[in-house]
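*Asks:* Heads up: the sequence lines are chains B and F, in that order.
Those letters in the first sequence? Residues 92 to 341, by the numbering used here.
Those letters in the second sequence? Residues 24 to 313, by the numbering used here.
Errors might be hidden in some of the hints.
DSS-like, lysine-lysine: derived pairs with alpha carbons at most 30 Å apart [what the hints assert, rightly or not]:
hint	chain 1	residue 1	chain 2	residue 2
1	F	Lys281	B	Lys233
2	B	Lys206	F	Lys115
3	B	Lys206	F	Lys217
4	F	Lys115	F	Lys281
5	F	Lys281	B	Lys204
6	B	Lys204	F	Lys90
7	F	Lys274	F	Lys115
8	F	Lys38	F	Lys290
9	F	Lys115	F	Lys224
10	F	Lys158	B	Lys206
11	F	Lys38	B	Lys204
12	B	Lys204	F	Lys290
13	F	Lys26	B	Lys204
14	B	Lys204	F	Lys158
15	F	Lys290	B	Lys206
16	F	Lys290	B	Lys239
17	B	Lys239	F	Lys115
18	F	Lys115	B	Lys204
19	F	Lys217	F	Lys274
20	F	Lys281	F	Lys224
21	F	Lys67	B	Lys206
22	F	Lys281	B	Lys206
23	B	Lys206	F	Lys26
24	B	Lys204	F	Lys224
25	F	Lys274	F	Lys90
26	F	Lys90	F	Lys67
Some but not every residue of chain B turned toward chain F, in silico, with C-beta under 10 Å [as the list claims (entries may be wrong)]:
hint	residue
27	Pro166
28	Tyr167
29	Asn193
30	Gln203
31	Leu219
32	Val240
33	Met251
If you're looking for bench data, these hints aren't it; they were derived computationally from the structure.
C-beta: ideal position from N, C-alpha, C; glycine also.
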Amino acid sequence: MRRSDICIAEIAECFRGESDILCNPIGISPIIGGRLAKATFAPDVVMTDAVSVLATNTLPIGDQDAPRVIESYAPYRTIFDIVWSGRRHVMMGATQIDQYGNQNIAAIGDFQKPKAQLLGLRGAPGNLINHRTSYWVPNHTKRSFVSKVDVVSGPGYDRMSEIGEPSNRYHDLHRVVSNLGVFDFETPDRQMRLRSIHPGVEIDEVVENTDFEIVIPDNLELSRVPSEAELEIIKIIDPTELRYSEVQDV
Amino acid sequence: MNKILTEEEVVTQIKDGMTIGVGGWGSRRKPMSLILAIIRAGIKDLTVVSYGGPEIGLLSATGQLRKAIYGFVSLDSIPLEPHFRVARQTGKIEATELDEGAFYLGLMAAAHRVPFYPTRAGLGSDMLEMNPELKLVESPYPDESGNHEQLVAIPAFDIDVSLIHMNRADQGGNGQFLGPDLFFDDLFAMAAKKTYMSCEKIIPTENLLDEGSVHTLRIPRIFVNGVVEAPRGAHFTECPPDYGRDEDFQKLYAATAKDPTLWESFKSRYLATDSHQEYLRMVDSQEEEK
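All chains should be modelled from the sequences, with the hints used to inform the complete structure.
*Replies:* Structure below.
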């Protein structure tokens with residue numbers, strides 16, 4: 092079993108139980124995982140074709156010519172309207188993430204004159220404060236799982252607790268999936284917890300590659316391995332194996 | 024009514040120090056023939072407000088951009104605009120970076136002539152710290168618990184001139200988009216003191232429904248001061264269904280951000296041309312050389 096396929100099954104798991112929301116994963120593995128969830132156990136979410144429509148059929152990633160079964164129209168402006176309505180679960184990337192889930196995709200160094208300009212805030216501030224959000228980090232190292240992010244694009248639980256109610260009422264940081272494991276914030280003070288570890292990964296590997304103290308439960312579970320049927324669907328969604336360029340096997 | 028202008032006539036309306044709104048999104052349906060006319064005219068100290076693409080990269084590379092106000096700056100297939108990256112990392116331009124949805128509200132506030140629109144976006148993130156001019160506003164209405172919620176007040180953008188590119192238009196300035204997404208071009212047109220629209224083709228008003236339904240007529244002429252016929256006017260950005268993005272040319276442009284020699288030759292070959300038609304001839308001759 093390749094690590095990438097395990098990651099994709101666990102990304103799909105982030106969307107289990109969702110229906111009648113816009114399932115909006117961003118990036119290669121998130122899109123494959125989101126489409127896998129919709130094709131299997133979460134059929135009632137809606138998804139975009141990554142251009143401007145909501146399509147009900149299972150689309151191969153990046154294929155502009157694949158026939159679409161269109162159920163509605165969702166140009167960019169509508170996406171923001173959906174963000175503010177709250178009927179959305181986004182999965183974004185995180186160049187840096189800390190123990191309370193603060194995410195940085197904006198810049199390394201000082202914002203005024205960054206050492207490295209990254210993508211920018213993008214929609215992160217609005218996403219986090221309006222609806223459920225998960226993250227995908229394909230390269231789990233001390234440089235990505237950091238004790239302090241350089242810029243807070245998407246606020247985590249400590250920031251949200253500071254601003255308090257009612258502003259924080261829609262904040263719902265769900266899960267973080269990395270190439271080493273799955274993480275959540277289901278701890279008393281909302282610090283990041285290792286939820287499951289991918290088969291073939293040692294706990295020490297997670298600890299050594301994380302620049303903060305991670306909560307490790309006594310009854311740590313193994314991440315789920317995709318079924319044969321799921322692997323077939325993953326191949327349909329990603330026929331050119333883009334996923335293997337994002338996550339290396341060890 | 025006839026509002027037909029040339030690119031050169033449009034840029035006489037743009038002065039040093041002005042704030043320019045640019046329609047489109049990333050590397051999609053950008054009014055590039057008008058941006059190239061601004062570069063030829065050498066207009067300086069500009070502020071650009073946009074869902075940014077190559078207009079921000081080009082104008083910062085030519086030294087004509089003082090400030091960028093944006094939700095992001097991307098070439099889509101190249102996620103971060105490379106000249107913008109250089110400009111930010113060298114501190115060459117000022118930047119107001121907003122949440123993408125907050126940016127929409129700044130445009131909408133300008134279009135509707137209200138001072139701001141409220142949003143939760145920005146609370147808890149560093150957007151407020153990065154932009155100290157952003158203020159909070161308290162809701163005058165209590166919620167069910169009696170709390171008066173604090174929201175971020177996104178100020179209306181102050182745009183002198185907006186530039187947008189449509190697939191079709193009539194001579195009076197009614198614009199039509201035939202692609203998958205209007206983006207925010209109607210709001211750009213409404214938000215500015217003056218708006219100039221380029222288009223692939225000017226057609227008689229009675230033919231506006233030949234290629235698209237009534238729902239594609241989203242730019243009414245009351246918001247348009249001039250219309251320019253510019254076939255392939257969005258090159259190298261995409262303008263579907265008329266044409267896709269010129270990915271090869273975009274790569275060629277992107278590579279110039281890493282190499283001053285490449286940039287100089289790009290500039291003299293493509294930006295020193297005296298018209299959009301001449302620019303296209305240079306682009307096509309480069310294609311043939313391959």
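*Asks:* So, for every hint listed, does it hold in this structure?
*Replies:* Going down the list of hints, with the structure as the test:
A hinted pair counts as satisfied when its Cα atoms are at most 30 Å apart, and Lys281 of chain F with Lys233 of chain B qualifies at roughly 29 Å. The hinted pair formed by Lys206 of chain B and Lys115 of chain F meets the criterion: a straight-line CA distance of about 13 Å does not exceed 30 Å. This hinted pair does not check out: Lys206 of chain B and Lys217 of chain F have alpha carbons roughly 37 Å apart, beyond 30 Å. Straight-line distance between C-alpha atoms of Lys115 of chain F and Lys281 of chain F comes to about 15 Å, which keeps the hinted pair within the 30 Å bound.
With a C-alpha separation of about 18 Å, the suggested pairing of Lys281 of chain F with Lys204 of chain B holds against the 30 Å cut-off. For the given pair, Lys204 of chain B sits about 13 Å from Lys90 of chain F by alpha-carbon distance, which is consistent with the 30 Å threshold. Straight-line distance between C-alpha atoms of Lys274 of chain F and Lys115 of chain F comes to about 23 Å, which keeps the hinted pair within the 30 Å bound. Note on Lys38 of chain F and Lys290 of chain F: the hinted pairing holds, with a Cα-Cα distance of about 22 Å set against a maximum of 30 Å.
A threshold of 30 Å between alpha carbons decides the hint, and for Lys115 of chain F with Lys224 of chain F the separation of about 37 Å lies outside it, so the pair is violated. Taken as a hint, the Lys158 of chain F and Lys206 of chain B pair is honoured in the structure, with Cα atoms around 28 Å apart against an allowance of 30 Å. For a cut-off of 30 Å, the pair hint linking Lys38 of chain F to Lys204 of chain B stands: about 28 Å separates their Cα positions. Proximity of Lys204 of chain B to Lys290 of chain F is assessed by CA-CA distance (about 26 Å); at most 30 Å being required, the pair is judged to hold.
The straight-line distance between the Cα atoms of Lys26 of chain F and Lys204 of chain B is roughly 43 Å, outside the 30 Å bound, and the hint therefore fails. Of the pairs offered as hints, the one joining Lys204 of chain B and Lys158 of chain F holds, with about 23 Å between alpha carbons and a cut-off of 30 Å not exceeded. Taking the CA atoms of Lys290 of chain F and Lys206 of chain B, the gap is about 27 Å. The hint holds against a cut of 30 Å. Between Lys290 of chain F and Lys239 of chain B the alpha-carbon distance is near 42 Å, which puts this suggested pair outside the 30 Å criterion.
Among the hinted pairs, Lys239 of chain B with Lys115 of chain F is consistent with the structure: their alpha-carbon atoms are about 27 Å apart, no more than 30 Å. Among the hinted pairs, Lys115 of chain F with Lys204 of chain B is consistent with the structure: their alpha-carbon atoms are about 9 Å apart, no more than 30 Å. Of the supplied pair hints, the one linking Lys217 of chain F and Lys274 of chain F is violated, its CA atoms being roughly 33 Å apart against a limit of 30 Å. Using a Cα cut-off of 30 Å, the hinted pair Lys281 of chain F and Lys224 of chain F is violated, with the two alpha carbons roughly 36 Å apart.
Straight-line distance between C-alpha atoms of Lys67 of chain F and Lys206 of chain B comes to about 27 Å, which keeps the hinted pair within the 30 Å bound. For the suggested pair Lys281 of chain F and Lys206 of chain B, the alpha carbons sit about 16 Å apart, so the restraint of at most 30 Å is met. Using a Cα cut-off of 30 Å, the hinted pair Lys206 of chain B and Lys26 of chain F is violated, with the two alpha carbons roughly 47 Å apart. Between the alpha carbons of Lys204 of chain B and Lys224 of chain F the distance comes to roughly 42 Å, so the proposed pair goes past 30 Å and is violated.
Restraint check: the Cα-Cα separation between Lys274 of chain F and Lys90 of chain F comes to about 25 Å, which is no more than 30 Å; the hinted pair holds. Between the alpha carbons of Lys90 of chain F and Lys67 of chain F the distance comes to roughly 11 Å, so the proposed pair stays at or under 30 Å and holds. This hint holds: Pro166 of chain B has a C-beta 4 Å from the nearest C-beta of chain F, less than the 10 Å allowed. Interface hint at Tyr167 of chain B: satisfied, since its Cβ lies 6 Å from the closest Cβ of chain F, which is below the 10 Å cut-off.
Interface restraint check: Asn193 of chain B against chain F, minimum CB-CB distance 9 Å, threshold 10 Å, status holds. Taking 10 Å as the C-beta contact cut-off toward chain F, the hint placing Gln203 of chain B at the interface holds, the least distance being around 7 Å. Because the smallest distance between the Cβ of Leu219 of chain B and any Cβ of chain F comes to about 7 Å, under 10 Å, the interface hint for this residue holds. A cut of 10 Å between beta carbons decides the hint on Val240 of chain B: the least distance to chain F is about 9 Å, and the hint holds.
The beta carbon of Met251 of chain B is positioned within 10 Å of a beta carbon in chain F (closest approach about 5 Å), and the interface hint is therefore held.
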